[in-house]
Structures are given as C-alpha cells and as structure tokens.
Amino acid sequence: GAVVSQHPSWVICKSGTSVKIECRSLDFQATTMFWYRQFPKQSLMLMATSNEGSKATYEQGVEKDKFLINHASLTLSTLTVTSAHPEDSSFYICSAKRGVDTGELFFGEGSRLTVL
Amino acid sequence: AQSVTQLDSQVPVFEEAPVELRCNYSSSVSVYLFWYVQYPNQGLQLLLKYLSGSTLVKGINGFEAEFNKSQTSFHLRKPSVHISDTAEYFCAVSVGWSGGFKTIFGAGTRLFVKA
Chain A
2 GAVVSQHPSW VICKSGTSVK IECRSLDFQA TTMFWYRQFP KQSLMLMATS
52 NEGSKATYEQ GVEKDKFLIN HASLTLSTLT VTSAHPEDSS FYICSAKRGV
102 DTGELFFGEG SRLTVL
Chain B
7 AQSVTQLDSQ VPVFEEAPVE LRCNYSSSVS VYLFWYVQYP NQGLQLLLKY
57 LSGSTLVKGI NGFEAEFNKS QTSFHLRKPS VHISDTAEYF CAVSVGWSGG
107 FKTIFGAGTR LFVKA
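Protein chains in written order, with the working numbering: chain A, 2 to 117; chain B, 7 to 121.
Honestly, the hints are just simulated from the structure, not real lab data.
Mixed in with the good hints, there may be bad ones.
Stated by the list, open to error - Which stretches of chain A does chain B cover? Using the computed rule of at least three CB atoms under 8 angstroms from a CB of chain B, they are: (1) 82 to 90; (2) 97 to 109.
As the list claims (entries may be wrong) - Below are the DSBU-like pairs computed for lysine-lysine, each with C-alpha atoms no more than 35 angstroms apart in a straight line: (3) A:K56 x B:K64; (4) A:K21 x B:K55; (5) A:K42 x B:K120; (6) A:K56 x B:K55; (7) B:K108 x A:K42; (8) A:K42 x A:K21; (9) A:K42 x A:K67; (10) B:K64 x B:K120; (11) A:K42 x B:K75.
Bear in mind that the values here come from a model prediction, so they are computed numbers and not experimental data.
Glycine residues also receive a C-beta, built at the ideal position from the N, C-alpha and C atoms.
Whenever a hint applies, use it, and build me the whole structure from the sequences.
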C-alpha cells in the first residue's frame with residue numbers, strides 16, 4: 002500500500018513552454034503532498050506544500066508564479082513549470098502523507114525535466 | 007532550529023563488507039527518525055523508521071539503525087553489503103509543528119559498493 006505515482010518520468014521541452022507534472026496517490030487519500038527539487042548529487046529541496054482544496058504554501062525563494070501547484074482532489078496534485086527555461090531543468094519529486102501523521106513520507110518516482 | 011547532519015558524503019566499501027552510514031541531528035523537541043534510499047533516477051524509498059519503542063530498528067534489505075538519544079544519532083548499518091546496495095541514502099527527521107509534521111533531510115550519503 003501507499004503507492005505514489007508521478008507522470009511523466011522524463012520530459013523534454015523547448016524554452017518558453019509550460020510543462021505539467023502529475024503526482025497521484027494510487028491507494029490512499031493524500032490531503033497533503035509535497036513537491037521537491039533535486040539538483041545532481043544533492044539533497045531534496047522542498048519547494049512547496051500542497052493541501053487539497055487550498056492554496057499551496059511555497060518555501061522562501063520559490064516563485065509561485067513560476068511553479069504553479071494545484072491539489073484539486075485527494076489523490077492528485079500537479080506542478081506546472083510555466084515558461085520553462087534551461088535553468089529549470091532538474092529532477093522534481095513529489096511525496097505524500099498517509100493516515101496518522103508521523104512525518105513518514107511516500108515518494109513518487111520523480112520526473113526529470115530537461116528544458117532545451 | 008532542527009538540523010540533520012550526515013557525516014560522510016561518500017562511502018566506498020567492498021562487497022560483503024559491513025558498512026555504517028552516520029547521521030546526527032539536533033532538535034530541542036522529540037523527533038521521529040527515518041532513513042530513505044534513492045536509486046538513480048528514482049524517488050525515495052523508506053528503509054526504516056524510528057517512532058518509539060526499541061531503539062534498534064530493523065528495515066528492509068538487511069539494514070538496521072540504532073537511535074541514540076544522548077548522542078542524538080541514528081546511524082544506519084548493514085553487516086554485509088551487496089553491489090545492489092549502491093545508492094544514495096538520506097537520513098531525515100520529522101518534527102511536530104502547528105501544521106503537522108515537518109521533515110528535514112540530511113545532505114545524503116552516496117554508498118558505493120565495489121566488487
């Protein structure tokens with residue numbers, strides 16, 4: 002149980018276009034999901050906390066107009082990178098909490114974005 | 007403020023040798039502790055967790071960790087590693103706050119198992 006799926010796993014886009022990444026909890030309801038960015042050989046950087054039915058909470062330094070997060074249902078959160086540029090190329094990972102909150106996180110497989 | 011320190015950025019080890027990946031944390035409040043593993047181009051997978059009870063925690067793939075409250079450590083160990091254990095390992099702590107729990111990750115330790 003507690004499966005989180007991300008789609009797409011890989012995406013290549015042209016500079017200036019927008020890209021949407023989906024994060025789904027397949028067998029549980031996730032009222033809270035998290036989006037991270039990971040640079041090569043580095044740890045995860047929390048970008049934002051996504052709460053179902055409300056606006057996402059962004060970490061300091063993360064542009065909310067650049068990285069649009071929508072959590073419209075208990076099983077789906079989306080991250081849209083708007084007007085992507087090469088510097089947005091990165092590995093994006095989502096995670097979700099399930100059941101009694103102990104801080105344990107269930108992670109998606111990650112999505113590698115390459116902006117040309 | 008809470009923080010997590012993984013003392014080794016890289017740990018090379020020969021196959022079938024024992025390994026210890028070190029993790030220290032600082033927190034003025036009680037925490038829950040986790041170790042996650044990340045294989046290349048994948049998300050993170052839970053190895054083990056300490057919530058309460060016995061300080062020796064056993065996880066998947068033969069890994070175990072010991073919570074030491076006095077030393078604020080949560081070191082990960084495996085008595086005999088395999089090539090397939092080559093991956094990035096993250097120590098994490100979760101602390102309670104008004105909105106629930108907040109998770110703080112260490113910088114990661116790259117375990118490289120050599121034949």
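- Count the residues of the stretch 97 to 109 of chain A with a beta-carbon closer than 8 angstroms to any beta-carbon of chain B: does the count reach three? Satisfied; 9 residues make the cut.
- Holds or violated: are the alpha carbons of B:K64 and B:K120 at most 35 angstroms from each other? holds (24 angstroms)
- Message: For A:K42 and A:K21, compute the direct alpha-carbon distance and say whether it is at most 35 angstroms.
- Response: holds (24 angstroms)
- CA of A:K56 to CA of B:K55, is that 35 angstroms or under? holds (30 angstroms)
- Verify the proposed pairing of A:K42 with B:K120, using a straight-line Cα cut of 35 angstroms. At roughly 19 angstroms apart (the allowed maximum being 35 angstroms), B:K120 and A:K42 satisfy the hint.
- Query: Holds or violated: A:K21 with B:K55, Cα cutoff 35 angstroms?
  - Reply: Since the Cα atoms of A:K21 and B:K55 sit roughly 32 angstroms apart, the hinted pair holds (cutoff 35 angstroms).
- Query: Straight-line Cα separation of A:K42 and B:K75 no greater than 35 angstroms?
  - Reply: Holds. A:K42 to B:K75 sits at ~29 angstroms (cutoff 35 angstroms).
- Task: Below or equal to 35 angstroms on CA atoms is what counts here, so check B:K108 against A:K42.
- Result: Holds, at about 23 angstroms.
- Would the pair A:K42 and A:K67 pass a check requiring their Cα atoms to be no farther apart than 35 angstroms? With a Cα-Cα distance of about 24 angstroms, the restraint between A:K42 and A:K67 holds, given a limit of 35 angstroms.
- Would you check the hint for A:K56 and B:K64, treating anything up to 35 angstroms between C-alpha atoms as holding? violated (38 angstroms)
- Verdict on chain B covering the stretch 82 to 90 of chain A, criterion of 3 CB contacts below 8 angstroms: violated (count 0)
Hints 1 and 3, counting from the list given before, are not met by this structure.
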